[in-house]
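2 protein chains.
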Amino acid sequence: MATRATTGLNSYLCDKQQPMNLVSVGTVAFDSIETPFGKQERVIGGAATYISLAASYYIPQSGLISVIGDDFPKDVLQEMEKRGINQEGLQIKQGEKSFFWSGKYHYDMNARDTLDTQLNVLADFKPVVPESYQGCDFLMLGNLDPAVQLSVLEQLRERPRLVVLDTMNFWMDIALDKLKEVLKKVDVLTINDEEARQLSEEYSLVKAARKIMEMGPRYLIIKKGEHGALLFHEDRAFFAPALPLEEVVDPTGAGDTFAGGFIGYLAGARNISFDNMKRAIVVGSAMASFTCEKFGPERLMELDRETIDRRVQEFVDLVDFDIELVGA
Amino acid sequence: MATRATTGLNSYLCDKQQPMNLVSVGTVAFDSIETPFGKQERVIGGAATYISLAASYYIPQSGLISVIGDDFPKDVLQEMEKRGINQEGLQIKQGEKSFFWSGKYHYDMNARDTLDTQLNVLADFKPVVPESYQGCDFLMLGNLDPAVQLSVLEQLRERPRLVVLDTMNFWMDIALDKLKEVLKKVDVLTINDEEARQLSEEYSLVKAARKIMEMGPRYLIIKKGEHGALLFHEDRAFFAPALPLEEVVDPTGAGDTFAGGFIGYLAGARNISFDNMKRAIVVGSAMASFTCEKFGPERLMELDRETIDRRVQEFVDLVDFDIELVGA
Numbered sequence: 002m003a004t005r006a007t008t009g010l011n012s013y014l015c016d017k018q019q020p021m022n023l024v025s026v027g028t029v030a031f032d033s034i035e036t037p038f039g040k041q042e043r044v045i046g047g048a049a050t051y052i053s054l055a056a057s058y059y060i061p062q063s064g065l066i067s068v069i070g071d072d073f074p075k076d077v078l079q080e081m082e083k084r085g086i087n088q089e090g091l092q093i094k095q096g097e098k099s100f101f102w103s104g105k106y107h108y109d110m111n112a113r114d115t116l117d118t119q120l121n122v123l124a125d126f127k128p129v130v131p132e133s134y135q136g137c138d139f140l141m142l143g144n145l146d147p148a149v150q151l152s153v154l155e156q157l158r159e160r161p162r163l164v165v166l167d168t169m170n171f172w173m174d175i176a177l178d179k180l181k182e183v184l185k186k187v188d189v190l191t192i193n194d195e196e197a198r199q200l201s202e203e204y205s206l207v208k209a210a211r212k213i214m215e216m217g218p219r220y221l222i223i224k225k226g227e228h229g230a231l232l233f234h235e236d237r238a239f240f241a242p243a244l245p246l247e248e249v250v251d252p253t254g255a256g257d258t259f260a261g262g263f264i265g266y267l268a269g270a271r272n273i274s275f276d277n278m279k280r281a282i283v284v285g286s287a288m289a290s291f292t293c294e295k296f297g298p299e300r301l302m303e304l305d306r307e308t309i310d311r312r313v314q315e316f317v318d319l320v321d322f323d324i325e326l327v328g329a
Numbered sequence: 002m003a004t005r006a007t008t009g010l011n012s013y014l015c016d017k018q019q020p021m022n023l024v025s026v027g028t029v030a031f032d033s034i035e036t037p038f039g040k041q042e043r044v045i046g047g048a049a050t051y052i053s054l055a056a057s058y059y060i061p062q063s064g065l066i067s068v069i070g071d072d073f074p075k076d077v078l079q080e081m082e083k084r085g086i087n088q089e090g091l092q093i094k095q096g097e098k099s100f101f102w103s104g105k106y107h108y109d110m111n112a113r114d115t116l117d118t119q120l121n122v123l124a125d126f127k128p129v130v131p132e133s134y135q136g137c138d139f140l141m142l143g144n145l146d147p148a149v150q151l152s153v154l155e156q157l158r159e160r161p162r163l164v165v166l167d168t169m170n171f172w173m174d175i176a177l178d179k180l181k182e183v184l185k186k187v188d189v190l191t192i193n194d195e196e197a198r199q200l201s202e203e204y205s206l207v208k209a210a211r212k213i214m215e216m217g218p219r220y221l222i223i224k225k226g227e228h229g230a231l232l233f234h235e236d237r238a239f240f241a242p243a244l245p246l247e248e249v250v251d252p253t254g255a256g257d258t259f260a261g262g263f264i265g266y267l268a269g270a271r272n273i274s275f276d277n278m279k280r281a282i283v284v285g286s287a288m289a290s291f292t293c294e295k296f297g298p299e300r301l302m303e304l305d306r307e308t309i310d311r312r313v314q315e316f317v318d319l320v321d322f323d324i325e326l327v328g329a
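Line order of the protein sequences matches chains A and B.
Last residue of the first sequence: 329 (our numbering), numbering continuous.
Last residue of the second sequence: 329 (our numbering), numbering continuous.
If you are wondering where the hints come from, they were derived from the structure by calculation, not from laboratory data.
Copies of the same chain look alike in the list, so a pair counts if it works inside one copy or between any two.
Below 30 angstroms or equal to it, Euclidean Cα-Cα: the simulated DSSO-like pairs (lysine-lysine) are:
#1 K179 / K208
#2 K40 / K83
#3 K212 / K40
#4 K212 / K295
#5 K295 / K208
No experiment lies behind these values; they were computed from the predicted model shown.
Go ahead and model the full structure; you've got the sequences and the hints to work with.
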């Protein structure tokens with residue numbers, strides 16, 4: 002794979018010698034999912050899967066750090082490789098099983114119950130950063146044990162330009178100290194509103210954001226699922242709604258898709274200004290809305306930039322208004 | 002009260018002979034409220050109280066249709082009158098008690114439990130539309146028994162230019178037929194997302210909106226509390242976020258304040274285009290955010306147009322972004 006081209010809107014050339022612009026860490030896994038609208042067994046899942054796929058629409062090449070068993074379908078890996086997702090950092094454990102999660106969504110799909118979690122290969126995952134990933138500008142630490150996230154950060158000889166970390170209440174419950182340690186070293190944290198309240202012990206999201214930004218991250222993104230996303234930085238705030246969808250079939254992976262679209266857009270533009278972060282949030286939201294339309298990453302894998310741009314335009318229209326203010 | 006002037010930004014002249022531009026129907030009541038941030042007994046409450054007060058910042062005069070006992074403080078009525086809230090349609094029942102509601106908010110203030118409801122004067126409320134309210138252009142049917150809402154509509158000899166109806170799940174549970182009857186006669190319905198799903202039996206808010214707009218209202222506003230508000234009309238949608246607040250003390254009345262700001266803005270501008278409705282939603286959201294900052298209508302009564310405009314500007318800034326789309 003010295004140089005390589007794919008067809009269509011995602012076509013690009015990628016050069017292995019060029020340092021990786023984006024590296025993503027997270028699970029690559031199977032999910033069994035039940036929503037009010039259906040049920041599917043062992044679909045492709047995992048945070049890093051969604052992150053890498055989403056980012057691939059905006060960057061020609063990215064590195065993946067994860068672990069799977071030998072039960073993970075080869076054709077999916079090939080498909081990911083075709084999309085520029087380099088797998089030198091992906092450990093394949095022979096004779097072992099990939100991480101498995103099973104969950105059931107409530108009628109209100111903002112809440113779900115975990116039915117089963119089988120760590121399998123994840124139980125003793127020691128991430129190894131390949132030499133070719135050194136010097137990456139953008140690092141996405143997907144939701145995972147904070148010790149694993151920290152280990153990757155520490156293996157990078159040069160600190161990336163932008164480090165984004167996603168986590169969840171589970172790690173706040175069982176590994177808060179380690180999480181706080183890694184938080185000190187990241188630029189952007191993405192969590193949901195409940196988690197922001199839990200981490201900060203503040204009800205007001207404005208106060209919560211202020212407290213969390215004192216823990217390390219200079220940027221906080223609060224993901225509110227079907228209610229949109231908020232970006233905080235210093236005294237500034239930006240809100241992007243979620244698009245009201247005709248069909249919401251399965252929200253699994255929407256948050257990871259959002260993160261992947263967000264960091265992919267920034268990495269593609271090589272621009273981390275606040276204005277560009279706002280755009281990246283709108284792009285991430287648009288991409289996440291696609292993920293909800295089918296089970297697993299199926300819909301996410303069918304896209305092209307034109308389709309994504311049309312949805313971004315819907316976001317633009319959705320919030321567009323003009324008002325004359327006399328007193329402001 | 003032939004002509005009358007108040008001072009400051011709300012100054013106006015109002016002429017009793019001129020037909021009422023806006024008439025509001027709803028409760029005027031006492032609330033005892035407990036939130037995670039405090040507790041207050043018997044504060045001034047009621048849908049029509051919040052609606053009229055909010056609207057008073059945008060229109061010089063409005064009519065109020067409601068009922069109270071002789072326990073309701075005279076100075077509050079005088080204060081409302083000073084703000085141009087005409088009380089010819091307000092029945093005061095001697096020897097009886099005003100409607101009383103008591104509730105407790107969860108830590109997540111989007112949910113609350115009703116602890117006590119004493120209908121009192123509301124039990125056999127027969128609204129009477131005063132002659133001076135005939136010919137009003139804007140009618141706000143606040144949350145109340147749909148039979149009362151319908152009775153007011155039927156007493157108006159001329160149909161108002163715009164009729165807005167607010168309701169809640171309680172009436173869907175116990176008076177669905179009557180509610181559906183009145184829905185056929187209104188232009189705008191305001192409910193929350195759960196109620197939209199209950200009324201339409203659709204999970205997707207897009208599908209829910211479509212179904213509800215077939216029931217009568219040409220416009221649907223879905224109020225999502227701290228998550229903002231959605232406006233649907235034909236195939237168009239508009240979303241206004243809620244401002245992330247530093248202090249959220251008591252959300253009681255926020256929905257009514259929103260409705261009052263919305264219809265007040267429209268009535269003041271005498272413009273019911275979709276573009277103006279979008280502005281009205283932003284204004285309603287801004288006003289509702291003030292109501293949450295203190296218990297009862299206290300904060301709502303302290304405002305002026307300059308203060309409201311500054312908050313509207315925060316909304317403008319919160320959602321402002323620019324993005325270049327190649328494919329759209």
